[in-house]
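Asker: Here is what each chain is made of, one letter per residue.
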Amino acid sequence: MTTALFTHSDCLGHETPEGHSERADRLRAIWKTLEDPAFEALDRREAPLAERSELRRVHPEAHVAAIEAAIPAEGHVSLDADTHVMSGSLTAALRGVGAVVSAVDAVMAGEVSNAFCAIRPPGHHAEKATPMGFCLFGNVSIAAKRALDHHGLERVAIIDFDVHHGNGTQDLLWDEARVLFCSTHQMPLYPGTGEPRETGAHGNIINAPLPPMADGAAFRKIMEERILPALDDFKPELVLISAGFDAHRDDPLAQLNFDVEDFVWVTEKLCDIADRHAGGRVVSTLEGGYDLEALAASTAAHVKVLMERGA
Amino acid sequence: MNDTPVEEMSFEQAMAELEQVVQKLENGQVALEESIQLYERGDALRKRCEAKLQAAEEKVAAITTDAAGNPTGTKAFDAQ
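Protein sequences appear in the order of chains A and B. If you read the first sequence in the numbering used here, its first letter stands for residue 1, the second for the next number, and so on. If you read the second sequence in the numbering used here, its first letter stands for residue 312, the second for the next number, and so on.
Looking at chain A on its own, in the form it has when it is part of the complex (with noise of 0.2 Å):
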């Protein structure tokens, strides 16, 4: 078995304004590294348009529409000050959510071994009715519950080691007694959530928060005393990522002082995860990572593993 890439041109066309942090370049950036003959293994897959549906497993009716509605002809239009949409947004983010659908159906079926989702716009950010921070819809959020609800999973982990705290992953999940959901994120920071008090209504939510200038060495302790072993416990039959790489020491978002190194090791310690508990199923989705250096080698690497792992 291998590893499925699922992407799609799509997500390009959610262009946001210039000067932007989250732009389409980013994707390129990828994509033009999975280029790689490293990479020729891969099962690269189209991301098809979420069904309305699949939204509604996190989020109210309203929320969508009020999206379509914002949608204009032409131009940008502002939901708040760091998430616009254009008229190319919602099929983007339809795609986006199709990728992580479809990426999951493809795991649990035994198609692949784990999926890497190379999308935007991001997801984690996104409340039940608040569009916020780049992002629309729960990506990994609707995941998880496609793999609870559709695939009568039992248990599902995500593990969100974006350098912002996942504040729409802890909205859309707070309650939900079969996920647990753990981030390491720099505080303070945006969105100013992730406090380790803040823990679900079932303590099915772990915040491990880094302050600033913090390093690989500190993500890893705090990986191996707090997450991990949680993970252990909680034996989830399917491992998520949210996986944003704006960590990295050269992002401009965030003072985190991560390398492609410490990337790699977290992709293997979730494999290990995987494999222990979850036959190896792991859905990796892109979140943000903005120097697109950075990004594209942080990915580059990541999904190297999945791979390796995978095969």
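Do not take every clue at face value.
[Unchecked claim] Label pairs and their in silico Cβ distance ranges:
id: 1; chain 1: A; residue 1: E68; chain 2: B; residue 2: E337; range: 30 to 38 Å
id: 2; chain 1: A; residue 1: V264; chain 2: B; residue 2: E351; range: 25 to 33 Å
id: 3; chain 1: B; residue 1: Q340; chain 2: A; residue 2: V264; range: 35 to 43 Å
id: 4; chain 1: B; residue 1: A362; chain 2: A; residue 2: E35; range: 45 to 53 Å
id: 5; chain 1: B; residue 1: E361; chain 2: A; residue 2: D36; range: 45 to 53 Å
id: 6; chain 1: A; residue 1: R276; chain 2: B; residue 2: R357; range: 38 to 46 Å
id: 7; chain 1: A; residue 1: E35; chain 2: B; residue 2: L364; range: 53 to 61 Å
id: 8; chain 1: B; residue 1: R357; chain 2: A; residue 2: E308; range: 43 to 51 Å
id: 9; chain 1: A; residue 1: D25; chain 2: B; residue 2: R357; range: 31 to 39 Å
id: 10; chain 1: B; residue 1: Q334; chain 2: A; residue 2: S9; range: 51 to 59 Å
[To be verified] For the chain B half of the interface with chain A, some residues (derived, Cβ under 7 Å), not all of them:
id: 11; residue: L343
id: 12; residue: S346
id: 13; residue: I347
[Unchecked claim] Computed footprint of chain B on chain A, listed as stretches where at least three residues anywhere in the stretch have a Cβ under 8 Å from a Cβ of chain B:
id: 14; region: 182–195
id: 15; region: 253–263
Since the hints were made in silico from the structure, they are not lab data. Glycine included, C-beta positions come from ideal geometry on N, C-alpha and C.
Add chain B to chain A, keeping to what the hints say.
Answerer: Showing chain B alone in chain A's frame:
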């Protein structure tokens, strides 16, 4: 944001703005793209506050006392 350069701010000015910055960061009312600039501003303000505090502490330490412990004046800082 105060127009006075941070390095020219009084302790009170820097502290007041630092409190505003911390409040904004904590209540999540800051845009993702601005969050990092705000943190950096907060860091500069914190350093300014620390520098002013340290200078004040050094002045206090320089107060000279007589044998009974009553202050008699200050001594030149670089004389220590």
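Asker: If a hint holds in the structure, say so; if it does not, say that too.
Answerer: Verification of the supplied hints:
The hinted range of 30 to 38 Å is satisfied by E68 of chain A and E337 of chain B, whose Cβ atoms lie roughly 33 Å apart. Against the hinted window of 25 to 33 Å, the Cβ-Cβ separation of V264 of chain A and E351 of chain B comes to about 29 Å, which satisfies the hint. Checked against the given bound of 35 to 43 Å, the beta carbons of Q340 of chain B and V264 of chain A, roughly 36 Å apart, stay inside it. For the pair A362 of chain B and E35 of chain A, the supplied restraint of 45 to 53 Å holds, since their beta-carbon distance comes to about 51 Å.
Restraint check, E361 of chain B to D36 of chain A: a C-beta distance of roughly 48 Å satisfies the suggested window 45 to 53 Å. At roughly 44 Å, the beta-carbon separation of R276 of chain A and R357 of chain B lies within the given 38 to 46 Å, and the hint holds. For the pair E35 of chain A and L364 of chain B, the beta carbons lie near 55 Å from each other, so the given range of 53 to 61 Å is met. Taken as a hint, the range 43 to 51 Å holds for the pair R357 of chain B and E308 of chain A, whose Cβ atoms sit roughly 44 Å apart.
Look at D25 of chain A against R357 of chain B: about 35 Å separates their beta carbons, and that is inside 31 to 39 Å. As the Cβ distance of Q334 of chain B to S9 of chain A is approximately 43 Å, the hint placing it in 51 to 59 Å is violated. About 4 Å separates the beta-carbon of L343 of chain B from the nearest beta-carbon of chain A, less than 7 Å, and the hint is met. For S346 of chain B, the shortest C-beta to C-beta distance to chain A is roughly 4 Å, which falls under 7 Å, so the interface hint holds.
Interface hint status for I347 of chain B: upheld, as the beta-carbon distance to the closest one in chain A is roughly 5 Å, under 7 Å. Coverage of the region 182–195 of chain A by chain B holds. Counting CB-CB distances below 8 Å, 6 residues qualify, and the rule asks for three or more. Closer than 8 Å: that is the beta-carbon criterion, and the region 253–263 of chain A has 3 residues meeting it against chain B, so the requirement of 3 holds.
In this structure, the one hint that does not hold is number 10.
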